[in-house]
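Participant: Listed below are the residues making up each chain.
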Amino acid sequence: MRRFAERIRRFMQRPGTVDLGRAWPVVRAATAAEDSFRGLTDAAIQAELARLRRTDGAAPARDESIAFCALAREVARRTLGQRPFDVQLLAVASMLSGRVVEMATGEGKTLVGAITAAGFVLRGRSVHVVAMNDYLARRDAEWMRPLLTALGASVAWIDQHSDDDARRTAYRADVTYAPVAELGFDVLRDRMRVDPAELVVPIPDVALVDEVDSVLVDEARVPLVLAGSTELPRPDPVVTEVVAGLREQTDYEVDDERRNVHLTEAGLDRVEQALGGVDLYLGENVALLTEVNLALHARALLVRDVDYLVRDDSVKLISASRGRIARLQRWPDGLQAAVEAKERVPSSPAGEILDSMIVQALISRYATICGMSGTAVAISEQLWEFYELHCGRIDTNVPCVRDDEPDRLHLTAADKLEALVQHVRERYQAGQPVLVGTRSVAESEEVAGALELVGVPGVVLNARNDAEEALIVSRAGEAGRVTISTQMTGRGTDIRLGGADGVDHDRVAGLGGLRVVGFGRYHTGRLDDQLRGRAGRQGDPGSSVFFTSLEDEIVRDFVPGHRPPTVVDGEGVVHDGLAQMTVDHAQRVAEGAHLDTQRTTWCYHQLIGIQRAAVLEHRDDVLHRDAAVELLRTRRPERYAEAVARVGEAVVAGAARSIVLHHLDRIWVDHLAYLDEIREGIHLRALAREAPLHEFHRIATEEFPRLLPAAHDAAEATFAEAEIGPDGVDLESLGLRRPNSTWTYMITDNPYGTPEERFLEYIGAGLRDGAVRLGLRH
Amino acid sequence: MLGAFRSALATPDLRKKILFTLGIIIVYRLGATLPAPGVSYKNVQACIQAAQKGQQQDVFSLINLFSGGALLQLSIFALGIMPYITASIIVQLLTVVIPRFEQLKKEGQAGQNKMTQYTRYLTVALAVLQSTGIVALAVRGGLFQVQCPDVIPDSNIFTLIVIVTVMSAGTAIIMWLGELITERGIGNGMSLLIFTSIAARIVAEGKTIFNKGDESGRGALILAVVCVFALVIIATVIFMEQGQRRIPVQYAKRMIGRRMYGGTSTYLPLKVNQAGVIPVIFASSLLYLPDLITKLAFQNKTNWFVEFMSQYVTNQSSWVHLLIYVALIIFFTYFYVAITFNPDERADEMKKFGGFIPGIRPGRPTAEYLNFVLSRITLPGSLYLGIIAILPNLFLSITGSGNNQNFPFGGTAVLIMVGVGLDTMKQIEGQLMQRNYEGFLR
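Chains A and B supply the protein sequences, listed in that same order.
Just so we're aligned, residue 1 is where the first sequence starts under our numbering, counting upward by one.
Just so we're aligned, residue 1 is where the second sequence starts under our numbering, counting upward by one.
Hint data in this document are derived by calculation from the structure and do not stem from the laboratory.
One should not assume that every hint holds.
As the list claims (entries may be wrong) - Heads up, incomplete: computed chain B residues facing chain A, CB under 8 Å, no partners named:
1. V96
2. G111
3. K253
4. R254
5. S265
6. K271
7. F353
8. F356
9. I360
10. E368
11. N371
12. F372
Claimed, not checked - Anything over 12 Å on all C-beta distances counts as not near chain B; from chain A, calculated:
13. V26
14. A44
15. R51
16. R62
17. D86
18. W143
19. E219
20. V401
21. D403
22. A470
23. H505
24. G512
25. D529
26. E716
27. A717
To be verified - Straight-line Cα separation of at most 30 Å, DSSO-like style, residue types lysine-lysine; simulated pairs:
28. B:K253 <-> A:K316
29. B:K106 <-> B:K351
30. A:K342 <-> B:K253
Note that the Cβ used here is the ideal one computed from N, Cα and C, for glycine as well.
Generate coordinates for the entire structure from the input sequences, incorporating the hints supplied.
Facilitator: In structure tokens:
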């Protein structure tokens, strides 16, 4: 019956919204028991906790759940001075049963997360709280430490500066707060260890994901990549110089979406001449051509202060989805070096991919997954598709009275800026706090500059001044304060009206509360909602409005060649329903495109993941058992006997292990590079009506059986030649790995569509042309 | 290949999927033979017998083929998969005409889901329309166009409504079955159901051939010869469908250390039959036109034009007809390939993504080179399509006239069947590959 109902729901394509209200009776019972817990001594609370503790990991009985909720509420009140609201306990109960909950901003997600973690620990499990970034991981861990400790759970956190020992200690805690990237890197690094004692990550148990939509969906488009340094030719300064002298339009062309660039005929001639009359398109000149292409990409497509910052003589990437510096990210395959050459900063070491993993694979390792976010229901379908997670909404504690005004659409970007500045000035003069949301560092500075000109002092929060973030955000609710920020997700701190201590709360509330002003829509509606959610927390008054224009990046990129609006007033404001729909449409196209990228990445990584698991299984045999010795002894008995006689069995075993591990890792790196190479051109197969993914699988599968024998052969050869001294074997001369960077890959699977679609497109274009000529269409 | 199939059946997960698919197909075939309530099975059989003796009309033959003969049986799945195909085509066409649909198409998965939903609604609407038409035709005795007993003996309005409802519901169920196969079984559900329908006709057609031959006493021999021919044709089609010319492509967007890989795996494939089955469908549809025109314009009059038309152009065994047919197929193949492959666009894309054919400059020279190779390879491709398409006509003396589309060993039928078969095999192969890693390293 349940499956039948599910079938119907799927048939009707309802998003997987589940009813979280089922836990209400537990919460009400806990509230009823509140007074009896209020009087308990600390010792009595500890005794009660001991009674509830179990080690089998199973879900507690109903009365135990009630006791836990009441207990957690009392402990939170004593340790943090915060009494969890009923809705917060409801969220805890839902997450303890493995759900994803949506809670509006300012509803106290951090507290909910900590209580949930304590609940899991009480069942005898260990929890990783997956945070978006270092800052939140550390802040939340320290903030919640008293509560968690009082509930009998040990707490630790990890950030990018933690060393291996600190990580091992942190992972031993009951509750470990860690940013998603660090969790991923620890897993990846563990896969490359050569000594069992060096392993860091324990067996994963419970993952509690904060900002679940950002971590599991937005960030998941970018695979986590472990890289080691390698020798790549430095960019030739001549190439950089030649490319710097090229002009757009005449020498090179950029496509509408500003994602690809190529030389024109004239530009090509110019480059070839400047490089000494070579023919770049001969097969043997591919390296030089690659250099030219990379330099051109760096010159034409990557913009300083939008895509990267130059700080301390080095190039720092800005994460497009977060508007902050992505410390661990680098551009792949020589692009980083090309940008560094363009900015004339010293070049950093180039890397090669040692191993990679997608966020889905990382999170799927956990036995139980739950999560929370301010905007989760919008992605419930993806959460179900990729993680088999159900998700539901928790009502706010006090009804939200925020007034979300319709967008104000302008014809040009200049009109939009003008209107926004006027609007912010009016609000500023009235004394109302204003939060302006922008999409890039450059944009935030453009807005701040324009406001400055009309006498409005704004505080900018962007990638340049992350450090003061908490302070800036906490003061954003003060009267007469104008804050200009890049994307707000993961900024953590609440904006309280009247400042952090809320002394001025009532006066600011009287002015209408926080005014959120968006400087254009983000690439997904969820980010818009995150920004809006900053206003109107806990029933405060507040309002939001977005200023958009038909020249916004999102419209330009995703709906090129849209119909010009028909109704425009003197100030460039568009009063045209269809044009407004264009902006909405652009956002939906962007969302669809992102989802497609994610799905494609997932599909392509799935097989690699299976192959990796197979290799790792063998690797574990080598690492933890004596597979290496057995292999080399059977293959080279005389050499083995000779070495054992000279340095002893244990040393030879260690040497054999490191030799085999070295070659296993080496062969995997080469395999990954090969697959990358294949993937680059695999979309061409679609032209022959073949499925690129399937062809990719076929090639990868045919290649795979060759890996292990090749690694074993290489290990045998090394074993025969390498010096084995009393300290084992010296592999330094073979030179390998120094991990630590991520870079991004975007993959498109089939850019062509089916032949039928292309034919239809052709017919459609003819029809449209005809209609235009007959005057039926504009 | 058989080995692959055996190991597919040995993999529990895959075996489940294959058995599930087979189960659905059985349900589909059962429904195709189950008469709708109110239809007299006996009378229908009598009518089919009578119709086979007489001249069969072409009007319903394609629908009948795609429904696996269920149409003329007036079964609960009488409409087969046709309403769904028509609905898909209409929705696809609307994407180029209606701005709203155009937008949906670009909105990725969410938009796609909405379009699928519209397609489903349209399918049901079309099914109601078509079943009403067919029932009306059946009541008036127009379905078989021969003298035979009433197929719906008790044709009061209530019975008719029940039949229409049942047939429409049947179509919705077929649609669901197809989606079930795609979701939980193996291969593309809709394609597999079409495959099933066409394959189901083979037995019936074989029987017809046998019966016709039996009149001269050599039925078994003729059937055997036809079967041998059929195998040869299928093998040829499989061979030709897999043929492709591979143009090496290099990408120059990434700096790679150590060594160059992939040299032989990165290429631009050009199929011998790049166009697929579409040119044949275009050509045969166009050849129906003269027949239609003469019928409409001249009713029952006879003059030299009508004579000429029926003698040469519409007569499927005349060499004029065959020549025009082949010429049209060749034309449409070139036309379709030129539009769908579009060398200029491909060259532009390669330029955009940093790809190139070694030794050839990007842009115009690349487009010209692609064009050159494409026009060379399309010639044998189009001739092959033409020959496969007229094969049934060459067998006309054996199968009886008018059965062009129905003959399962040539024309569109064999092209579709082999296409679907190859695709499904590839899917099984793909699933098999992913599952073969366990215990593979020891």
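Participant: Hint by hint, note whether the structure agrees.
Facilitator: Right, here's what the structure says about each hint:
1. V96: holds, 2 Å
2. G111: holds, 6 Å
3. K253: Where the cut-off is 8 Å and the nearest Cβ of chain A is about 5 Å from B:K253, the hint holds.
4. R254: holds, 4 Å
5. S265: holds, 5 Å
6. K271: Where the cut-off is 8 Å and the nearest Cβ of chain A is about 5 Å from B:K271, the hint holds.
7. F353: Interface hint status for B:F353: holds (7 Å vs cutoff 8 Å).
8. F356: Hint on B:F356: holds, closest Cβ of chain A at ~5 Å, below 8 Å.
9. I360: Since chain A brings a Cβ to about 6 Å from B:I360, closer than 8 Å, the hint holds.
10. E368: At 14 Å from the nearest chain A Cβ, B:E368 fails the 8 Å test, so the hint is violated.
11. N371: violated, 14 Å
12. F372: violated, 16 Å
13. V26: Answer for A:V26: holds, closest chain B Cβ roughly 36 Å.
14. A44: holds, 53 Å
15. R51: Per Cβ check, A:R51 is outside 12 Å of chain B; nearest 45 Å; holds.
16. R62: Given that every Cβ of chain B is farther than 12 Å from that of A:R62, nearest at about 37 Å, it holds.
17. D86: holds, 34 Å
18. W143: Per Cβ check, A:W143 is outside 12 Å of chain B; nearest 38 Å; holds.
19. E219: Holds, since 19 Å exceeds 12 Å.
20. V401: A:V401 is indeed farther than 12 Å from all Cβ atoms of chain B, at 30 Å.
21. D403: A:D403 clear of chain B: closest Cβ-Cβ about 28 Å, beyond 12 Å.
22. A470: A:A470 clear of chain B: closest Cβ-Cβ about 36 Å, beyond 12 Å.
23. H505: Holds, since 41 Å exceeds 12 Å.
24. G512: holds, 35 Å
25. D529: holds, 17 Å
26. E716: For A:E716, whose nearest Cβ neighbour in chain B is about 17 Å away, the distance exceeds 12 Å, so it holds.
27. A717: holds, 18 Å
28. B:K253 <-> A:K316: holds, 21 Å
29. B:K106 <-> B:K351: Between B:K106 and B:K351 the Cα gap is close to 24 Å, so the pair holds against 30 Å.
30. A:K342 <-> B:K253: Given that 30 Å is the threshold and the Cα spacing comes to 17 Å, the pair holds.
When held up to the earlier numbered hints, the structure conflicts with 10, 11, 12 and fits the remainder.
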